[in-house]
Amino acid sequence: MVPPARTRNEEAAFGTGPDQEAFSLWPRHRLPGLTRRELLIAGMAISSVPLWGHFPAQAAEPMAFSEIAPGVYVHTGRHELQSADNRGDMSNAGFIVGDDAVAVIDTLGSAQIGADMRAAIKSITDKPIRYVINTHMHPDHVFGNVAFRDDKPEFVAHHKMARGLSARAETYLNNTKSALGEAAFAGTEIVLPTLEVQDKLTLDLGGRELVLEAQPAAHTDNDLIVTDAKTGTMFLGDLLFSEHIPTLDGSLRGWLTVIDKLESSPPARVVPGHGPASMEIPAALADEKRYWQTVAGDVRKLIAEGKTLSDATKTAGQSERGKWEMFDQYHVRNVTAAFAELEWE
Amino acid sequence: MLSKIASCFTVRRIAGVVTALMLAMPVAAIASDDDDPWPDLQKSVFGDRQIVEGDGVVTIEAPERAEDPAVVPITISVPATVQGPLRSMALIIDKNPAPIAAKFEFGPAAGSGGERRMTTRVRVDTYTFIRAIVETEDGKLHMAKAFVKASGGCSAPAPKDADGANADIGKMMVRSYEPEQAQTALRDGLVMIKHPNNSGLQIDQVSRGYVPAWFIRDIEVKRGDDLIFNADLGISISTNPNLRFTYVNDPDGNNAVQVTAIDSARTTFTGASANRALAN
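Residue numbers (the numbering used here), protein chains in the order written: chain A, 1 to 345; chain B, 346 to 625.
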């Protein structure tokens, strides 16, 4: 998802809920004289003391993952904008366990939530994390990469991902920092791919092959589809949104082409970038396809009638209102992008 | 920050109104973020000339909140009640690094009556007023303004499909819209130019430096031998500059529009609408 270019209210950006206290780096100003490391050690030491039991349960429990197929685990994020409260946990991420190694697919939206994800993986398997795959460049899918750096994995992505992310790095980091607040943002930095997928690449986890396929411009210009050949599970990243309105940062026409391609050879199950942990085609794609066809149809009609972008932002795709979460946050932006693309037809 | 602004301004050219003060002023506007940059801007662009606001000669339409700050649609209108030709029009975005987004000078084919409109898309960098100042035949200045909430429009990396965006730079689409009633005074025209219109404020991912400003700077739009308008454009105009405008409708004549555009690298692009206008 694109971080929206809007200023969130301060309360959200610098949330003061108990989660923050428990999770994030401890606010230094409260305990002057201690280093961050000392505080962290102190935090770990006292976390087992019963007195601290009033902290939210999630501080002690690992991040929730469901095993949607043997050895395939998915975590589902909240349908929200980035905030101090969700700490960047607002998309889906997963991992796949082979005989020899683990591949992580997307890392959520901050260093800390990435660390939580890593801890959860480690509680499920002790196999080494050999690959960290990003399905595309957006912060809610890549900003947890840094939490896996000490595992020395290959960071794998579409060959255009590094360019796209680098060009947006400053904007993404600034927007994320202001949305999460200093505490929840701490430690977040950009980790670019070390292994790029030109067209197709197969990774071997030991008795288990992952097929990575670079897509033409669709949700972004660097979408990568990851398929676990063993179970027929396809991680679509943000090529598939469910419940949460799709967001366009690539090419609408390209996206509809990818949807057609997926419908023509459906895998056993698909994992959306936003939505349930596991879905099946064609039902999985139906809402998204209807949304983009509606937007494209309305926008094309308005262009043919000689209407302007401004007209389109007020009317195009409004029949989709009420059918999606986050509609008000993203729909007009989608129409703007669609209009700017389709007016050149 | 200073170097960024300087790089924008070395390539800015605003016919007739460029002064030394113009170059120095926006820096001051940036430096004191909370201050209202308009009084200084007004002085540098219009000198001591009086500007009348809200007298109904001009209106500006902009979204209250820019959902995409790099593509903010703006429409400036002069209602049919205003008679006589317009001399010029300026579009100013107070708090953008280069506040003067566009300046238009109108010719005979822009018309002297009917509701005249100019629609374009701009980058908006922060919460700011956007102003349209129209100069009427009598030399008086009239202003309308709108407040827009946006952030980061000037530094937003524009192309969503980076390779697709650079595929056909200079490609132009020019349209003339058939009016609903043949005898109407004005009809609509449209100029679209494929151009990255780099603002000079975008980061280059390889060098980690700023992508040099590279944008459409001048556009001349004519109907036959008659000028509709000349425009001086700045870095606030969005990628793929898009101008929708009204011009004199000749029920019997040839309403085809010819366009010449020059970018900041002095490359010239030309285009024309089909002789037979597209049906509305």
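To be clear, the hints were calculated from the coordinates, so they are not data collected in a lab. There may be inaccurate statements among the hints.
[To be verified] Pair ranges (Cβ atoms, derived):
#	chain 1	residue 1	chain 2	residue 2	range
1	A	E243	B	G429	22 to 30 Å
2	A	G322	B	Q528	29 to 37 Å
3	A	H159	B	Q428	57 to 65 Å
4	A	E243	B	E406	56 to 64 Å
5	B	N511	A	G232	35 to 43 Å
6	B	N511	A	D199	18 to 26 Å
7	A	R78	B	Q528	52 to 60 Å
8	B	D483	A	K301	55 to 63 Å
9	B	E525	A	D199	33 to 41 Å
[As the list claims (entries may be wrong)] Straight line, CA to CA, 30 Å or less: simulated DSSO-like cross-link-like pairs of lysine-lysine:
#	chain 1	residue 1	chain 2	residue 2
10	A	K200	A	K177
11	A	K307	B	K494
12	B	K388	A	K307
Glycine included, C-beta positions come from ideal geometry on N, C-alpha and C.
For each hint, the structure was consulted:
1. A:E243 / B:G429: 22 to 30 Å: Since E243 of chain A and G429 of chain B have Cβ atoms about 56 Å apart, the given range 22 to 30 Å is violated.
2. A:G322 / B:Q528: 29 to 37 Å: violated (44 Å)
3. A:H159 / B:Q428: 57 to 65 Å: Because 60 Å falls inside the window, the suggested range holds.
4. A:E243 / B:E406: 56 to 64 Å: violated (34 Å)
5. B:N511 / A:G232: 35 to 43 Å: This hint holds: roughly 38 Å between Cβ atoms.
6. B:N511 / A:D199: 18 to 26 Å: Distance hint for N511 of chain B, D199 of chain A holds at roughly 21 Å.
7. A:R78 / B:Q528: 52 to 60 Å: With a Cβ separation near 58 Å, R78 of chain A and Q528 of chain B satisfy 52 to 60 Å, so the hint holds.
8. B:D483 / A:K301: 55 to 63 Å: Roughly 43 Å apart at Cβ, these two residues miss the hinted range, so it is violated.
9. B:E525 / A:D199: 33 to 41 Å: violated (51 Å)
10. A:K200 / A:K177: At roughly 34 Å apart (the allowed maximum being 30 Å), K177 of chain A and K200 of chain A break the hint.
11. A:K307 / B:K494: The hint holds at about 24 Å.
12. B:K388 / A:K307: Status violated; Cα separation ~37 Å.
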